[in-house]
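J.: Line by line, the protein sequences are chains P and V.
According to the numbering used here, the first sequence is numbered sequentially starting from 292.
According to the numbering used here, the second sequence is numbered sequentially starting from 69.
Keep in mind the hints are simulated off the structure, nothing from the lab.
Virtual Cβ for every residue (Gly too), placed ideally from N, Cα, C.
Mixed in with the good hints there might be a few duds.
Said to hold, decoys possible - Pair by pair, the computed Cβ-Cβ distance ranges are:
hint, chain 1, residue 1, chain 2, residue 2, range
1, V, Asn92, P, Ser550, 49 to 55 Å
2, V, Ile124, P, Asn322, 40 to 46 Å
3, V, Asp109, P, Asn356, 33 to 39 Å
4, V, Gly186, P, Asn521, 50 to 56 Å
5, P, Glu485, V, Pro339, 54 to 60 Å
6, V, Asn92, P, Met520, 34 to 40 Å
7, V, Asp348, P, Asn322, 56 to 62 Å
8, P, Lys527, V, Lys337, 56 to 62 Å
9, P, Val556, V, Arg377, 31 to 37 Å
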Amino acid sequence: MNTLLPMEVKNLQEICSQVRRDIVRMVHAVNSGHPGGSLGCVEFFVSLYFKIMSHSKEFNIDGLNEDIFFLSNGHISPVFYSVLARSGYFPTEELNTFRKINSRLQGHPATKEGLPGVRIASGSLGQALSVAIGTATTKKLNKDDKLIYCLCGDGEMQEGQVWEAIMYAGSKEIDNLILTIDVNKQQICGSTEEIMSLGDLNKKISTFNWDVIEVDNGNNIKSVCDGIMNAKSKTKNKKPVCILMHTEMGYGVDFMMGSHKWHGVAPNDEELERALSQIKETLGDY
Amino acid sequence: MEKFELKDTRSGFGEGLLELGQENPDVVALCADLTGSLKMDAFEKKYPDRFFQVGIAEANMMGIAAGLTIGGKIPFTGTFANFSTGRVYDQIRQSIAYSKKNVKICASHAGITLGEDGATHQILEDIGLMKMLPGMTVINTCDFNQTKSATKEISEYYGPVYLRFGRPKVPNFTDPMKKFEIGKGIQLKSGSDISLFATGHMVWESIIACENLKKEGINVDLINITTIKPLDTEIILDSVSKTKLVVTAEEHQKLGGLGASISQLLSEKLPTFIEMVAVDDSFGESGKPKELLKKYKLDSVNIELACKRALLKK
């Protein structure tokens with residue numbers, strides 16, 4: 292599969308670079324937030340919002356005749372907010388308000404102030420796949436042929452509700468749904484292997500009547516786009532589709548990679564400078 | 069006393085839901101393997117495309133319900149009150165209440181009159197749990213007719229609703245033509261000696277108590293509080309201004325229930341002595357509904373006694 296022209300690859304890579312700058316600057320500004328998982332999922336978000344999904348910037352909560360995305364691991368809100376702003380849902384200056392009082396950009400995504408692009412609150416883990424199934428079902432009832440996308444963290448697979456949802460979607464043939472699992476093998480207290488082994492996710496989820504594909508390099512924009520397009524080609528075939536997207540937590544900032552330590556820690560002034568020196572400003576900082 | 073047909077409130081829900089199926093194509097229903105108990109089978113049979121059997125997976129059911137609202141559906145979830153609240157509190161809190169989703173959480177087998185199944189299933193904390201959630205409407209209906217009307221009415225209201233009803237057959241005494249009004253109490257008897265505010269199955273027990281008290285010359289101002297949140301503060305304050313004495317009756321824990329809501333209101337607006345008929349910091353147990361109401365001091369006799377105790381304060 293070859294979905295991207297060389298120019299598109301370059302263009303998307305530039306967006307990824309700016310989103311990474313946004314992420315580290317946002318969490319640094321308030322000395323809190325979750326840079327690790329956010330950095331690891333940049334290519335996924337940029338692929339979805341700038342290449343794959345059919346979506347309107349005129350935000351409407353119902354999203355009729357649009358592809359809809361749900362973020363389940365809400366703590367990676369920095370990447371979500373940056374991509375929403377950069378794709379036109381709200382002004383990029385608003386990224387300055389992240390986690391501050393009176394902001395629409397809550398620590399974890401919320402709908403209460405009507406932030407365009409957010410359709411469900413998430414943060415307490417394990418819930419949005421169920422929500423995604425509900426909206427996928429509404430799309431079927433409405434004879435709306437667009438797709439539902441959902442992202443979960445791999446540590447999040449330890450939540451029981453996720454398996455209720457996986458069982459339901461497989462059993463009821465929810466085939467307009469693509470779940471992506473960010474397999475970075477890290478969680479707050481250590482590696483997923485140390486904390487509670489996830490075992491063979493591919494085998495486990497396949498057994499629940501899902502089509503499962505792997506994206507080996509979730510930080511390569513071309514691999515991610517190809518992977519999602521491949522997943523898309525498998526929809527509407529009586530099975531939900533799952534992408535196991537192998538990423539590196541903290542990708543793009545050398546000292547944040549290869550460890551769980553940057554899951555939920557903000558860089559200090561010096562670390563911010565070191566991080567920014569590694570990430571090119573492409574679209575202008577907010 | 070007038071005789072009324074005995075009918076269960078859950079059947080009122082089932083009938084209301086079935087009519088909604090005909091009247092509103094956006095109404096959909098979900099059930100966690102309790103279709104017969106919730107009386108949702110008629111809806112399931114008539115509208116199979118709009119009915120979702122989710123299996124024994126209540127957390128997933130609440131999330132799916134939240135998702136169904138995106139795109140305009142009005143989901144009604146059905147399971148026992150215990151599994152509709154305590155088991156799935158965080159799902160309701162984050163995916164429904166905080167996210168302002170138009171989900172109708174319909175809960176049967178609430179309270180101690182669930183009977184023989186015992187304390188694991190007899191939730192007595194659900195009103196408290198649900199009323200604490202910002203933006204949640206909490207309704208507890210008293211008979212078949214009221215439950216049916218409430219079921220239909222909540223489909224017209226936009227926002228999350230907890231609709232609480234029960235298992236046993238109880239006298240069906242309210243007017244079938246009366247349209248349910250969210251947030252409105254209903255004056256059942258007028259009196260000036262004492263205000264009695266009752267909800268759910270305790271309304272009928274309160275009516276019996278009032279009839280007996282009347283024979284002793286005690287005139288009770290009896291009000292059916294159908295909606296615990298938002299509370300009908302006007303009807304409560306008007307009544308208490310007149311009687312200056314309060315008894316509350318509910319099939320729920322004293323801590324966090326209707327009595328607690330009224331106590332809070334009165335402490336702020338009109339400090340008044342209150343006697344609460346409710347379960348006092350205890351779990352229930354197996355037994356017949358009537359036996360349990362008696363043992364846990366929730367029956368008409370105990371409402372009469374509570375009124376008499378309260379009158380000693382006057």
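J.: For every hint, state whether the structure bears it out.
T.: Structure-based check of all given hints:
1. V/Asn92 <-> P/Ser550: 49 to 55 Å: The hinted range 49 to 55 Å holds for V/Asn92 and P/Ser550, with Cβ atoms some 53 Å apart.
2. V/Ile124 <-> P/Asn322: 40 to 46 Å: 44 Å, holds
3. V/Asp109 <-> P/Asn356: 33 to 39 Å: Given a distance of about 34 Å, which is inside 33 to 39 Å, the answer is holds.
4. V/Gly186 <-> P/Asn521: 50 to 56 Å: Roughly 52 Å apart at Cβ, these two residues keep to the hinted range, so it holds.
5. P/Glu485 <-> V/Pro339: 54 to 60 Å: With a Cβ separation near 58 Å, P/Glu485 and V/Pro339 satisfy 54 to 60 Å, so the hint holds.
6. V/Asn92 <-> P/Met520: 34 to 40 Å: This hint holds: roughly 39 Å between Cβ atoms.
7. V/Asp348 <-> P/Asn322: 56 to 62 Å: Because 48 Å falls outside the window, the suggested range is violated.
8. P/Lys527 <-> V/Lys337: 56 to 62 Å: 59 Å, holds
9. P/Val556 <-> V/Arg377: 31 to 37 Å: 60 Å, violated
In terms of the numbered hints stated before, the structure departs from hints 7 and 9, listed from lowest to highest.
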